[in-house]
Amino acid sequence: MTGVPLVAYLALGLLLFTLGVVGVIVRRNPIVVFMSIELMLNAVNLTFLAFARYLPATGMKTTRDLAHGAMAGQMAVILVMAVAAAEVAVGLGIIMAIFRLRDDLDIDEMNLLKG
Amino acid sequence: MEGVAQSPNLLVFAAFAGVAALAAIGVVAFPSALRSALCLVINFFVLAFLYFSLGAELLGITQIVVYTGAIMVLFLFVIMLLKLQAPALLHERQDFKIPLGLAFGAALFALIGAQVLGPLQGVFQMRADPGYGAPEPVGRALFSLYLWPFELASVLLLIGIVGSILLAKRKL
Chain A
1 MTGVPLVAYL ALGLLLFTLG VVGVIVRRNP IVVFMSIELM LNAVNLTFLA FARYLPATGM
61 KTTRDLAHGA MAGQMAVILV MAVAAAEVAV GLGIIMAIFR LRDDLDIDEM NLLKG
Chain B
1 MEGVAQSPNL LVFAAFAGVA ALAAIGVVAF PSALRSALCL VINFFVLAFL YFSLGAELLG
61 ITQIVVYTGA IMVLFLFVIM LLKLQAPALL HERQDFKIPL GLAFGAALFA LIGAQVLGPL
121 QGVFQMRADP GYGAPEPVGR ALFSLYLWPF ELASVLLLIG IVGSILLAKR KL
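The listed protein sequences derive, respectively, from chains A and B. The working numbering applies: residue 1 is where the first sequence begins, and numbers increase by one. The working numbering applies: residue 1 is where the second sequence begins, and numbers increase by one.
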């Protein structure tokens with residue numbers, strides 16, 4: 001969309017990322033903590049794509065450079081999506097295993113590894 | 001800045017961004033995990049439309065399929081299995097973590113905003129080729145220059161599958 005500044009996309013990404021950080025700190029339900037992590041990953045994806053579309057780096061001059069930069073951002077997003085999928089599958093499996101083990105899901109009470 | 005009246009695109013963006021931000025606040029603020037999950041679905045959907053607005057069509061479709069289609073179903077499935085709606089299970093306590101987390105978030109927002117947003121003000125020009133997000137160039141890049149990271153990602157997904165099957169066994 002023309003007429004929208006790059007800063008608008010970056011500010012939205014920053015807001016979503018910050019909300020994700022707050023969610024990870026504040027919430028005690030591990031599933032909601034996972035959702036906040038997903039929120040952070042998506043904020044970073046939005047930032048990657050915004051930079052890939054606008055390409056504000058002044059060092060990129062030739063069309064080949066521009067095409068490479070735009071593609072690099074999208075490849076990073078694809079890899080982040082793959083990592084997020086693997087992370088959710090394993091993480092939710094761990095949550096289920098913990099729930100089966102102790103019938104409680106409060107992450108403030110999970111201190112088995114405490115020395 | 002031309003003013004709002006001359007750029008209706010800015011209004012469209014503001015509407016999408018507002019919905020996305022509200023949904024994200026809902027994810028963090030709703031006490032019920034189910035409502036958080038539904039807010040997250042809305043957020044992912046709106047983000048997919050923002051990807052479309054950036055010209056990344058393939059990734060917008062992938063966002064809908066992978067996130068709202070696969071990951072959110074997994075979340076809702078686990079919430080259903082764990083019976084998190086039982087009110088006795090988990091009360092969010094009012095303690096020092098909430099103001100601390102909010103203050104930390106505000107500080108993070110101010111810090112990154114001051115460092116990053118300032119120098120990039122006034123960037124309006126989209127310098128990438130408008131067709132950069134079509135399936136054909138993305139696939140071409142994925143299977144030529146980025147083949148090695150792509151294969152590594154597939155290995156990662158394979159390990160994820162094996163790990164989640166292992167974790168789902170009745171006796172660990």
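Everything labelled a hint here was simulated from the structure, so no lab data went into it. Note that the Cβ used here is the ideal one computed from N, Cα and C, for glycine as well. Treat each hint with caution, since some may be false.
Interface residues of chain B toward chain A, partial, derived using beta-carbon atoms under 7 Å [claimed, not checked]:
{"#": "1", "residue": "Arg35"}
{"#": "2", "residue": "Gly55"}
{"#": "3", "residue": "Leu76"}
{"#": "4", "residue": "Phe96"}
{"#": "5", "residue": "Ile98"}
{"#": "6", "residue": "Gly101"}
{"#": "7", "residue": "Pro130"}
{"#": "8", "residue": "Tyr132"}
{"#": "9", "residue": "Ala134"}
{"#": "10", "residue": "Leu157"}
{"#": "11", "residue": "Leu158"}
{"#": "12", "residue": "Val162"}
Closest C-beta approach of Val162 of chain B to chain A relative to 7 Å, hint status
violated (10 Å)
Minimum Cβ distance from Phe96 of chain B to chain A below 7 Å?
violated (11 Å)
Status of the Pro130 of chain B interface restraint (C-beta, 7 Å, chain A):
violated (9 Å)
Min Cβ distance, Gly101 of chain B to chain A: is it shorter than 7 Å?
Because about 4 Å separates Gly101 of chain B from the closest Cβ in chain A, which is inside the 7 Å limit, the hint holds.
Minimum beta-carbon distance criterion (7 Å), Arg35 of chain B to chain A
Because about 10 Å separates Arg35 of chain B from the closest Cβ in chain A, which is outside the 7 Å limit, the hint is violated.
Mind checking the CB of Ile98 of chain B against every CB in chain A and telling me if the closest is under 7 Å?
holds (5 Å)
Hint validity - Tyr132 of chain B Cβ closer than 7 Å to any chain A Cβ
Cβ of Tyr132 of chain B sits 4 Å from chain A, so the hint holds.
Would the hint on Gly55 of chain B be counted as holding, given a Cβ-Cβ threshold of 7 Å to chain A?
holds (6 Å)
Interface hint outcome for Ala134 of chain B [beta carbon to chain A under 7 Å]:
Check failed: Cβ of Ala134 of chain B comes no nearer than 11 Å to chain A, outside 7 Å.
Report holds or violated for the interface hint on Leu157 of chain B, using the least CB-CB distance to chain A and a cut-off of 7 Å.
holds (5 Å)
Hold the hint about Leu158 of chain B up to the distance rule: shortest CB distance to chain A must be less than 7 Å.
violated (9 Å)
A closest beta-carbon separation below 7 Å is what the hint needs, so does Leu76 of chain B meet it against chain A?
This interface hint is violated because 10 Å lies over the 7 Å limit.
Taken one by one, the earlier hints fail for this structure at numbers 1, 3, 4, 7, 9, 11, 12, listed in ascending order.
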